[in-house]
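Full structure from sequences and hints, please.
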Amino acid sequence: MDAKIVVLASLFYLILLFMIAMYAIRSANNGRSIVNNPYIYALSLAVYCTAWTFYGSVGRAAQTGFSFVGVYLGPTITAPLWYMLMRKVILISKKLHITSVVDFISSRYGKSTFLGFITTIFLVIGIIPYISIQLKAIGSSFDIITQHFSDATFWDSNVFYRDKVNYFTILLAIFTILFGTRHLDPNERHEGLIAAIAFESIIKLGTFLIGGIFVVYFVFDGFSDIFSQAAANTNTSRLITFAEGPRSSANWFWVLVLSAVSAFFLPRQFHVAVVENTNVSFVRQASWMFPLYMLVINIFVLPIAIAGLLKLPTNAESDMFLLSLPLSEGHSWIALLIYIGGFSAAASMVVVSVISLSIMVSNNLLMPFLLKTKSAKHASSGALSNASLQIRRIIIVVILFLSYMFYKLVSYNYPLVSIGLISFAAILQLFPALIGGLFWQRANKKGAIFGILAGFVIWCITLPIPTLAESGIIDPKLISEGYFSLSFLKPYALFGLDQMDSISHSCFWSMVFNITTFVGFSMFTDQDVDELTQADIYMNIEKYTDNPDIEIIKKEASAKRLKQLLFRFLGAEKATAVLNAYDGKISSTDDDKATSEFINYVERILSGAFGAASAKLLISPNIRQQTISIEQIREVLNQTKEIIEYSHALENRTEELQRTTIELAQVNKQLQHLDELKAEFISTVTHELRTPITTIRSFTQMLEKKTDLSPEKRKEFLHIILKECDRVKRLINQVLDVEKLDNHEGNMGKTHVNSTLQFAIDRLMPVIDEKNITLTVKFPDIHSTVNLDEDKLLQVFLNLLTNAIKFCDTQEGKIHISGVTDAHTLKLSFTNNGKPIPVGFMPQLFQKFTQVKDGNLAKPEGSGLGLFITKAYIERAGGTINVFSSEAQGTTFELVFPKDR
Amino acid sequence: MLQWRRELRWAIFFIGGFGLSFPFLSLWNKSILILGFPLMYVYIWITWGLLIYFTYILSKKKR
Amino acid sequence: MASGTFKILIVDDEPNIVMAIKHILEDERFTLYEANDGETALKLVKDTDPHLIILDVMMPGMDGFAVAKSIIRSENSADTKILFLTAKGTSKDKLQGYASGGESYMIKPFDNDDLLNQVLYLLELE
Numbered sequence: 001m002d003a004k005i006v007v008l009a010s011l012f013y014l015i016l017l018f019m020i021a022m023y024a025i026r027s028a029n030n031g032r033s034i035v036n037n038p039y040i041y042a043l044s045l046a047v048y049c050t051a052w053t054f055y056g057s058v059g060r061a062a063q064t065g066f067s068f069v070g071v072y073l074g075p076t077i078t079a080p081l082w083y084m085l086m087r088k089v090i091l092i093s094k095k096l097h098i099t100s101v102v103d104f105i106s107s108r109y110g111k112s113t114f115l116g117f118i119t120t121i122f123l124v125i126g127i128i129p130y131i132s133i134q135l136k137a138i139g140s141s142f143d144i145i146t147q148h149f150s151d152a153t154f155w156d157s158n159v160f161y162r163d164k165v166n167y168f169t170i171l172l173a174i175f176t177i178l179f180g181t182r183h184l185d186p187n188e189r190h191e192g193l194i195a196a197i198a199f200e201s202i203i204k205l206g207t208f209l210i211g212g213i214f215v216v217y218f219v220f221d222g223f224s225d226i227f228s229q230a231a232a233n234t235n236t237s238r239l240i241t242f243a244e245g246p247r248s249s250a251n252w253f254w255v256l257v258l259s260a261v262s263a264f265f266l267p268r269q270f271h272v273a274v275v276e277n278t279n280v281s282f283v284r285q286a287s288w289m290f291p292l293y294m295l296v297i298n299i300f301v302l303p304i305a306i307a308g309l310l311k312l313p314t315n316a317e318s319d320m321f322l323l324s325l326p327l328s329e330g331h332s333w334i335a336l337l338i339y340i341g342g343f344s345a346a347a348s349m350v351v352v353s354v355i356s357l358s359i360m361v362s363n364n365l366l367m368p369f370l371l372k373t374k375s376a377k378h379a380s381s382g383a384l385s386n387a388s389l390q391i392r393r394i395i396i397v398v399i400l401f402l403s404y405m406f407y408k409l410v411s412y413n414y415p416l417v418s419i420g421l422i423s424f425a426a427i428l429q430l431f432p433a434l435i436g437g438l439f440w441q442r443a444n445k446k447g448a449i450f451g452i453l454a455g456f457v458i459w460c461i462t463l464p465i466p467t468l469a470e471s472g473i474i475d476p477k478l479i480s481e482g483y484f485s486l487s488f489l490k491p492y493a494l495f496g497l498d499q500m501d502s503i504s505h506s507c508f509w510s511m512v513f514n515i516t517t518f519v520g521f522s523m524f525t526d527q528d529v530d531e532l533t534q535a536d537i538y539m540n541i542e543k544y545t546d547n548p549d550i551e552i553i554k555k556e557a558s559a560k561r562l563k564q565l566l567f568r569f570l571g572a573e574k575a576t577a578v579l580n581a582y583d584g585k586i587s588s589t590d591d592d593k594a595t596s597e598f599i600n601y602v603e604r605i606l607s608g609a610f611g612a613a614s615a616k617l618l619i620s621p622n623i624r625q626q627t628i629s630i631e632q633i634r635e636v637l638n639q640t641k642e643i644i645e646y647s648h649a650l651e652n653r654t655e656e657l658q659r660t661t662i663e664l665a666q667v668n669k670q671l672q673h674l675d676e677l678k679a680e681f682i683s684t685v686t687h688e689l690r691t692p693i694t695t696i697r698s699f700t701q702m703l704e705k706k707t708d709l710s711p712e713k714r715k716e717f718l719h720i721i722l723k724e725c726d727r728v729k730r731l732i733n734q735v736l737d738v739e740k741l742d743n744h745e746g747n748m749g750k751t752h753v754n755s756t757l758q759f760a761i762d763r764l765m766p767v768i769d770e771k772n773i774t775l776t777v778k779f780p781d782i783h784s785t786v787n788l789d790e791d792k793l794l795q796v797f798l799n800l801l802t803n804a805i806k807f808c809d810t811q812e813g814k815i816h817i818s819g820v821t822d823a824h825t826l827k828l829s830f831t832n833n834g835k836p837i838p839v840g841f842m843p844q845l846f847q848k849f850t851q852v853k854d855g856n857l858a859k860p861e862g863s864g865l866g867l868f869i870t871k872a873y874i875e876r877a878g879g880t881i882n883v884f885s886s887e888a889q890g891t892t893f894e895l896v897f898p899k900d901r
Numbered sequence: 001m002l003q004w005r006r007e008l009r010w011a012i013f014f015i016g017g018f019g020l021s022f023p024f025l026s027l028w029n030k031s032i033l034i035l036g037f038p039l040m041y042v043y044i045w046i047t048w049g050l051l052i053y054f055t056y057i058l059s060k061k062k063r
Numbered sequence: 001m002a003s004g005t006f007k008i009l010i011v012d013d014e015p016n017i018v019m020a021i022k023h024i025l026e027d028e029r030f031t032l033y034e035a036n037d038g039e040t041a042l043k044l045v046k047d048t049d050p051h052l053i054i055l056d057v058m059m060p061g062m063d064g065f066a067v068a069k070s071i072i073r074s075e076n077s078a079d080t081k082i083l084f085l086t087a088k089g090t091s092k093d094k095l096q097g098y099a100s101g102g103e104s105y106m107i108k109p110f111d112n113d114d115l116l117n118q119v120l121y122l123l124e125l126e
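Chains as they are written, first to last, in this note's numbering: chain X, 1 to 901; chain G, 1 to 63; chain E, 1 to 126.
Read the hints as simulated data drawn from the structure, not as lab findings. Note that the Cβ used here is the ideal one computed from N, Cα and C, for glycine as well. Keep in mind that the hints are not guaranteed to be accurate.
To give an idea of the interface, some chain G residues facing chain X are shown, with a C-beta separation under 8 Å as derived from the structure [stated by the list, open to error]:
no.: 1; residue: R6
no.: 2; residue: R9
no.: 3; residue: P38
no.: 4; residue: M40
no.: 5; residue: V42
no.: 6; residue: Y56
no.: 7; residue: L58
What follows is the structure, given as structure tokens:
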């Protein structure tokens, strides 16, 4: 294809991106942000998929089969945990106006300038190779797509001005400067950039899928065709399985770890995931959308690799199969689309990486030095802010230049993936300090500094330096003979460990040194005041998000001076905006003493613009800080923690109290009801007591007053009095029984039914005989027992028998008692041949104080409590009582007890 | 409820971690085609999809 | 008017109490009738048109208050006086008693002499 068309297409694509970015910025300014949603957030995370994914995966797959997929599975496996971890990271970053992953680390360890300094240098060194492979991918893809064109000879990469990568690099630098350094934003938000890379993610995916479908369904006849051909071909059959062995499984493991860490802590990933995040909850949705994106984009990788090996000449560059395949089939327009997709993947990575690196370098490397010079102290209003932007532009150019140089010197000869993994291994060195900083209170500055340094040194001597040796930049003998010609210092077999591939080997040793140094120093050295307060924020971010400003150290500053500071370093316009946005109190009284809230606000705004370490340098000369010992700080921190915990506890207590109140109200209602029942019971009992007493009193009075009474009358009266006294006694006893029921008194015993019934009958035999009642008992000699105390069961039988006697036919009384048992129950019935119970009485028969009264009957002896108590006792034994009454059958009380075993 | 969700997250993480690591992966490392796809390819992509599905379930806000 | 011409109806579900009242009043030679429930009492009122009813309140079936109200409603018993004799002793009960047409309200247990005096007073014999 004509190189002009390719160049024009690239330019057109960049302009399109820029227009999208401008549209996003305009929308944001109009108040309707197009990037503020989880889909754009997830797509922006897909900046993870670079030219490495687009071209490199195919190359990797063509060489070693399935191993290419590890870098996507690592983030997927950890996806369920993202929300837990990233929520904390994002909250801390928002709270402290964190601008980069370096800022995040240096801020945690006492806003250490030195820590920020070394981490920045380390990251720049670590990421430059990664950027260089993007340049390489752009260059290679350009070469391949234009290879048939005669002009191709003009592009000679050995001549600087003829190297097209050089021009692409310049183009990307301009583009990055336009995107990333429009103005100095304390929050480092770039709506335009996010919109552009989200769009690029769609382009990457779309063009890759187009390429994949073309290869699988047009060059071949679907997946099964490709795979069956692959299985049949000796050159490709190895690709449908894993090349197994101790090396590959160790490499697989480390690739999973590296990718899981890198997906969030690579500078560009941290930038889009944390710094540009507008809503913490987006992480939730992104945790499945982003893995899904990676799953889809990788579906065709293996088939394309196989197709390339089957169809293309053996000397074809495997990284470029995706582009070469449509070209070899004569579909140059599909190739152009793929070229644009690859360019998109590379450009988005380069732009975001370089912007995030430029923020780090300016905030953590250059600013702290600049601020120490005299000229900065006397800089005019806004000058520093402008200087900062200028510095960033220069840094962008420098970083891209260095990447270009690295590409020319090293990457040119290496596959994309192997260089990329070196950068991943660099990021891993930050991981102990990051995780320790979030979850380990004691983790301190010295530990972080020396841990990262140790990891960095090991990384250097085991990955980039031997790579330089391999490419001949330094003496290749290093690899075989070791550093200083010491055999135990061979870069790929440190201390004689030669069982692993270079990545696993480097990760293993660097982690060993990094973690032990980090943990060792943290355990055996102390934290200073700043470290302690910052550690507290990282450990307990919830405490700080709920409570705007916990004052840990009393600070004093002039409000006027602080405002001047803002004007000087941010410029008038920005400073006014920032002050307008602040809605707290600036100074406590008229005397210009700034509130600690305002001091913290100013420090955070400045740290957003210049980084935490620089902001500390800027603000500290203006603040008088209370001198306070570490012990005091610890105490204050513990107290604030306790206060927070206490207030949480109070909240819980309040809820508990509310619940208790509701419960109490219910209980109260029940009690009131019980009380009413009790009052009713008492009034009934007193009434029932009054009746016999009335009789007793009346007759006694007559006996006393009427001296002329005949002896017969006298005897009759006395008899009545005695009977009424008995009635009172019975009543009192039964009231006591009822009281016992309410109190659930009395223990359960097992009582023999036969003997108890016999005892009851014996006791009432005189009355039965006296009334001439015929008693028949049909009761098999069953040795059943019932779960009830003996005296209670006896009471039940006595009550039922007395009842039967009472209501028997007055002339020819008949009572029949029978018992039947089956496997589970014991059934007893007491039948008398008296008049049936009036139907109206049936429902209340077993209630308190219910008496069947009949004018034609002599007043039955009873309290009205007998059946109530009887029923309660029977139910207590798990039984039931029922009554059947009719003219023909008489009245039967039927008791059913569960059979006791 | 919150605690349970948190434990579930870790459980899925460990299932994914073990399921997609050696030596477990070796079980599927056979030169067989299933419906035209290599066994390893089928295993990795299905596991991958399931992990995403579980994460999706977890990401839904609690009612 | 001699006391012998007065008809008194005693209504109580406790036979012993009825018996006691009969003994208390026996010396005055009233014509005494007795009933153990409200329905019987109303029938007797209709048949005998008594001058005084000694009426219990808590009885099975119709209670005393209901009985009193039914009596007032019939025309030919306009001058029948009612003496409530009951165990219900709250002031609310008393008010209800007067409201349903009672002339007097006595609480059980009672003094025999008080009851006799009250009966004589109501019949204007004293």
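Status of each hint after checking the structure:
{"no.": "1", "hint": "R6", "result": "holds (7 Å)"}
{"no.": "2", "hint": "R9", "result": "holds (4 Å)"}
{"no.": "3", "hint": "P38", "result": "holds (4 Å)"}
{"no.": "4", "hint": "M40", "result": "holds (6 Å)"}
{"no.": "5", "hint": "V42", "result": "violated (10 Å)"}
{"no.": "6", "hint": "Y56", "result": "holds (4 Å)"}
{"no.": "7", "hint": "L58", "result": "holds (6 Å)"}
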